[in-house]
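The listed protein sequences correspond, in order, to chains X and V. The first sequence begins at 1 in the working numbering and counts up one residue at a time. The second sequence begins at 252 in the working numbering and counts up one residue at a time.
Just so you know, not all the hints are guaranteed correct.
[Stated by the list, open to error] Listed next, the in silico DSBU-like pairs over lysine-lysine satisfying Cα-Cα at most 35 Å (straight line): (1) V:K441 x X:K226; (2) X:K111 x X:K122; (3) X:K16 x X:K170; (4) X:K244 x V:K447.
[Unchecked claim] Reference listing, derived: stretches of chain V covered by chain X, where coverage requires no fewer than 3 residues with Cβ under 8 Å from a Cβ of chain X: (5) 264-278; (6) 336-344.
[Claimed, not checked] Looking from chain V toward chain X, a few residues come up when the C-beta cut is under 7 Å (computed): (7) S260; (8) S261; (9) V331; (10) G348; (11) E350; (12) S352; (13) S355; (14) S430; (15) Q433; (16) T434; (17) G436; (18) N438.
Source of the hints: derived by calculation from the structure; they are not laboratory data. By construction, the Cβ of each residue, glycine as well, lies at the ideal position given by its N, Cα and C atoms.
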Amino acid sequence: MDIKLKIWRQKNASTKGRFEDYELRDVSPEMSFLEMLDYLNKQLIEGGKEPVTFEHDCREGICGTCGLYINGRPHGPQQHTTTCELHMRAFKDGETIVVEPWRSKAFPIIKDLAVDRSAFDKIMNAGGFVNIDTGSAPEANNIPINKKISDRAFDAAVCIGCGACVAACKNSSAMLFVAAKVSQFALLPQGKVEAAERVQRMVEKMDELGFGFCSNTYACEFDCPKGISVEFIAQMNREFLSAKLCAHKGH
Amino acid sequence: MKQSNFKLSSLSHKTILALAGLFLMLFLCTHLLTNLLLLAGDSRAFDAAVAFLSSNPIIKVVEYVLFAGFIIHILMGVIVWINNSRARPVKYYVAQGSETSFFSKFMIHTGLIIFTFLVIHLINFFFIKLGWVALPDYAKDTHDFYSMAVVLFKEPLYVILYLVSFVFLGFHLKHAFQSAFQTLGLNHDKYFPAIKVIGTIYALVISIGFSIIPIYFLFFH
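Let's have the full structure, built from the sequences with the hints guiding it.
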């Protein structure tokens, strides 16, 4: 198949970017989207041009590194699919594909399609962990956990931190990401101990980093490659409200 | 936590916005019930309701709470909107194609239309009661809201403005009802689908309920 590409090119964070148009011939429908970009870059390099910078790592949908805004959707037109899992068969022959980086004040562009998502790391550092010296792995049955609860915690823990929720949200809000992280800990006994402090710290950091407010538009859930539910946002709201109302001073 | 004693977090803003919104939704119900008395055939039932509402001391206190509710809701809504408009300085080239709660994208716009209507509404009724606006000749006294309403409802231009405002209020409420529950953390797979349905019914009842009154006066009275 032949395709036309409109790709955002930007030298670095301080320069102004622009779209560049490319035409790519003989693209296999079986190529992944990233393989198609590799194919484009090969041609650019052979032509003595600067290749397109984009992020990728595992290329099997679990690391959260890839993330491109394709034709108006984070990770492209298929639901529950990361950019690396997306194949060219999802597009039509002759189609123009517009590729943009995640757009958010909190995710500044590094180069071309690569954005700095260390804001997510800062949120995690603010409280996304359990302060227990675990030592070696404890006996699994020492702490009984209801299977439904552990499944639910896992539904939150599948978040790969790719930032599609921020990219999809009209307010570029990080609520789904933070909610998933808050919930995965708050649901389990080990995480419950610090739940009240954790949610306050993570929300405070999220606000500080310039993400927008949630307006319950639910685009995040629709475009999350892991299908994380906005029910977790409600869970975080509950955790936050109870922490604000019930926690003692200094907690 | 040492912070945020003075600075409200995004979630606190949203919680206050939702609580004030729910309070205003409750007010809309009582306002609709009162207004429906306009359809009773003559002014007696409506006048009795106005007399009760303007003399009851509890209602007088609630009136201030209501104003506070409006101010807080508007203020929080504007703060949320300002913050959100700063969060993405460079917009996308291709419009966002994600499936979303449609009316959620236009809350500030529908809110602005409702606010404009609210100002006109206050000028037409409340300011007359306060004596800030001169009493029209057709009204018996400053509490003769029946005559004031009937005269306004016979003006086609006012009726159009009124109907348009209530259509947009319906759009606002369609998102607002379920959104308030979500913000307060009350989203649960057992009952949230029902909340969404109730929200839609509520939005329809409010906008249709208010709209039938001017239509009745314009065409059938």
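Going down the list of hints, with the structure as the test:
This hinted pair checks out: V:K441 and X:K226 have alpha carbons roughly 22 Å apart, not beyond 35 Å. Pair hint X:K111 plus X:K122 holds up; C-alpha atoms about 21 Å apart against a cutoff of 35 Å. Simply put, X:K16 and X:K170 have alpha-carbon atoms about 22 Å apart, close enough for the 35 Å limit, and the pair holds. For a cut-off of 35 Å, the pair hint linking X:K244 to V:K447 stands: about 27 Å separates their Cα positions.
Check on the region 264-278 of chain V: 3 of its residues sit with their Cβ under 8 Å from a Cβ of chain X, so the three-residue criterion for coverage holds. Coverage of the region 336-344 of chain V by chain X holds in this model, with 8 residues showing a Cβ closer than 8 Å to a Cβ of that chain against a need of three. Taken as an interface hint, V:S260 checks out: its beta carbon lies about 5 Å from the nearest beta carbon of chain X, inside 7 Å. Interface hint status for V:S261: upheld, as the beta-carbon distance to the closest one in chain X is roughly 5 Å, under 7 Å.
Annotation: V:V331 was flagged as interfacial toward chain X, and the flag holds, the nearest CB pair being 5 Å apart, inside 7 Å. Interface restraint check for V:G348: the shortest CB-CB distance to chain X comes to about 4 Å, inside 7 Å, so the restraint holds. At about 5 Å, the closest approach between the beta carbon of V:E350 and any beta carbon in chain X falls short of 7 Å, and the interface hint on this residue holds. Checking V:S352 against chain X by beta carbon gives a least distance of about 5 Å; that is within 7 Å, so the hint holds.
This hint holds: V:S355 has a C-beta 4 Å from the nearest C-beta of chain X, less than the 7 Å allowed. A cut of 7 Å between beta carbons decides the hint on V:S430: the least distance to chain X is about 4 Å, and the hint holds. Below 7 Å, beta-carbon pairs count as interface contacts, and V:Q433 has one with chain X at about 5 Å; its hint therefore holds. The beta carbon of V:T434 comes within 6 Å of a beta carbon in chain X, closer than 7 Å, and the hint placing it at the interface holds.
Because the beta carbon of V:G436 sits about 3 Å from the nearest beta carbon in chain X, less than 7 Å, this interface hint is met. A hinted interface residue such as V:N438 counts as satisfied when its beta carbon comes closer than 7 Å to some beta carbon of chain X; here the least separation is about 3 Å, so the hint holds.
Hint violations for this structure: none, all hints satisfied.
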